[in-house]
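> Work out the full structure: start from the sequences and follow the hints.
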Amino acid sequence: MNETRRDRDAEGRARNARPRDGLGRPLPYGTPGVERQPEGIVRTPAQTLREAQRLLDAGMPFHAHEVFEDAWKSGPEDERELWRGLAQLAVGLTHSARGNTAGGARLLRRGAGALAPFAGSGPHGIEVSGLCDWARELAERVESGPMVEAAAEAPRLWA
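Throughout, my numbering is defined as the position within the sequence shown, counted from one, plus 70.
Simulated from the structure, these hints should not be mistaken for lab results.
In this text, all values refer to a predicted model and were calculated from it rather than measured experimentally.
All C-beta atoms in this analysis are idealised placements derived from N, C-alpha and C, irrespective of residue type, glycine included.
Warning: the hint list may mix true and false statements.
Claimed, not checked - Simulated restraints, written as ranges between beta carbons of each label pair:
| hint | residue 1 | residue 2 | range |
| --- | --- | --- | --- |
| 1 | Gly192 | Gly100 | 42 to 52 Å |
| 2 | Gly215 | Glu81 | 36 to 46 Å |
| 3 | Glu81 | Pro146 | 24 to 34 Å |
| 4 | Ala116 | Ala172 | 26 to 36 Å |
Structural data, given as structure tokens:
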């Protein structure tokens, strides 16, 4: 790779081709990494939740955030805040597991705030109240303690 040129995807958009680890951190070129989530996939809500839960359970919240981001961008307008809030929880867990406790806590709280209006309806069977409680409790813990392990802290998205 010529270090003076930017990596580009097939459409010519700037895209870092470096491999990534399970928390989304770039690795040196040539190092084996974790397979990236394809972007722009339109899934049903159930497919989104299943794939995101699989990734969270595997300790890959950065990749789960990308799945939620696809739902946020492709879903109906009245659910965009729901999917954005879930993406923020996943990236908050990512930052917390990377040791960025201030950023992780902030994103966990922001995600809980975005989800809170959905607590009464629990769309798609999502345990909104439980996720909000989980996010706020984890935010408190990461601010006062060591890094967390992503897989050990993975929340349950639905009942």
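> Could you work out which of the previously given hints the structure breaks and list their numbers from low to high?
Of the numbered hints, all hold.
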